[in-house]
Amino acid sequence: MPTLPAMTTNHIQRRAPAVEVRDLRKSYGAVEAVKGVSFEVAPGEVFCLLGPNGAGKTTTVEILEGYRTRTGGDALVLGMDPAHGERELRERVGIVLQQCGVQADLTVAELIEMYGRYHVRSRPVDEVIELVELTEKRDVRARQLSGGQRRRLDLALALVGEPDLIFLDEPTTGFDPAARRQAWSTIRSLCDLGKTVFLTTHYMDEAQHLASRVAVMNAGQIIAIGRPDELAGRDVRPAEIRFTLPAGWSLGDLPAVPSRSRSLDGDRVLVLTTEPVLAAHRITSWALERQIELGHFSVSQPTLEDIYLELTGSSAPNQVPEEVAR
Amino acid sequence: MSSVLTASLRRDLGLVAWQIRYEQRSYWRNRGRGVFTFVFPLMFLVIFASIDKGAHISSRGGIPYDDFFVPGILAYAVIATTYVNMAIGTAILRDAGVLKRMQGTPLPRWAYVAARIGSTILIVAAITALTLGLGAVVWGVHVRGSTLPAVILTLALGTAAFTTLGIGITRFISSAESAPVIVNLTVLPLTFISNVWFPATGLPKALTDVANFFPIRPLADALQYAFDPRTTGAGLKGHDLQTLAIWTVVGIVMMVRFLRRPLGEQG
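Chains as they are written, first to last, in the numbering used here: chain R, 1 to 326; chain B, 1001 to 1267.
Errors might be hidden in some of the hints.
To be verified - Chain B stretches covered by chain R per the calculated footprint, using a threshold of three residues with CB under 8 Å from any CB of chain R:
id : segment
1  : 1013-1022
2  : 1096-1107
Claimed, not checked - Calculated from the model, a selection of chain R residues having no Cβ within reach of chain B, i.e. all distances over 10 Å:
id : residue
3  : Val93
4  : Ile95
5  : His119
6  : Val277
7  : Leu278
As the list claims (entries may be wrong) - Stretches of chain R that chain B covers, calculated by requiring three or more beta carbons in the stretch to come under 8 Å of a beta carbon on chain B:
id : segment
8  : 78-92
9  : 105-118
10 : 231-240
The set of hints was computed from the structure by calculation and includes no laboratory data.
In this text, all values refer to a predicted model and were calculated from it rather than measured experimentally.
Here a beta-carbon is modelled for each residue, glycine too, at the ideal position from N, C-alpha and C.
Please construct the entire structure, taking both the sequences and the accompanying hints into account.
As structure tokens, then:
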């Protein structure tokens, strides 16, 4: 029976994408906020739309949620066109909007029960309360909750209808570090439940922690897309070796190492290399033989933040010579 | 196919009933909202009654003033509960993002609107019972059996017109902060020429025409006609009811136009 497992695998691989976007466009008068965006989100993945404020993230996500109408291109969410506003789509999608109010005079439990009723199938109220860790606030009115608790209530209201796909628009903006960690663990537990998560954020660490794939959006366009550790060739980028040279030594005294570039800024040396192990070994051996103390010695791979800042042009260009942005 | 449709419609009507309960719970818990609806009309009732104790209205054949102001203030109470509450409440819900959140749920929009209207009708029933109960016990103003159907029909039409107008006017209210201003500007001046507080006799013709054009005076007049001791028969004032019916149509059109706008595109 060797064919059966193969067929099953094929079947899984052919599952329709949770979200499919082709050349999506949105104009407000003469201003084009979204300029031809294309991507797919696979079922069960955490897809993150990353970008600075005003990049067009919220416009994109609100088109997918059915709150805005697109002016061009195609969009399919769970196989349905979000512009049609079908009820079945709203049954299967959970939405956490930025700053969105609730009926503030109802309690946490009442609100979760109320929003649960709108769905054909829903999760038991107390199970949802436990999942978002609001057990102690169960019978407190929404208007009395703190900002972080309100955000967790938002998540609860998006989850109570057992959605297949959850949109989270900047879910941790305004959180303190502890609350963010807590929110991240809740979001990760959604993936364990098999949900697809569509996340927008402008926090790098959030994307790094949560996303299986990241799309960087800037000025209405997607400028890079990939796994967070591979984004824009991050994994094959040269590593940076940094240290300071004591007085009397210059760049020319260093041994030959495989490197893209080496530079000296005052007494600080920066070596860019695709073979960091070999290069670091040569440099440190050279220093040990001559009993030279190399200060602040470090080897690092570019962080997601470095890549992001470079892609979105938010920082001065680094000394990286090659073109990386797609 | 039709049985499937019926089942889903039955489920939606069940959802409307549930939503009315949640709207009611929300409403009665919020003390601020009760001021316009309950405190104001009842306060005016007591104030006017104590000012004009035992007075009679010569322009209306000497009927007791009590028989005029109880239905007059009932008209005001209906407007406060429906138009004022609905417009301010909807503007607040819109600004807070509640309408947007509701739009993202499977609850059909019509079901949500129906529940909010249903909840408003319950509040109208409560304030009507309170006003008329007080009127009967304290000032001896009774609803007569013969004109009761007319009172109910007038209240129903008034509620329909002012509720739909209240939702529809939200389109012209830019923010929740400006809502009370716009709402009171469209109501209060008209009440002084509309037989709500006192008989609007001796008004210039232009002002009378204005008052007759808008729905406040027809509502007050129709209610007062049913309470007037001189009225014989069913107490139905056809022309006023017709005006209220026309404003109901206007209200429905305005309401539908407001509800059709995609919320994400607003603001």
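Open item on the list: Flag every earlier hint the structure violates by its number, smallest first.
Closed with: 3, 4, 5 and 10
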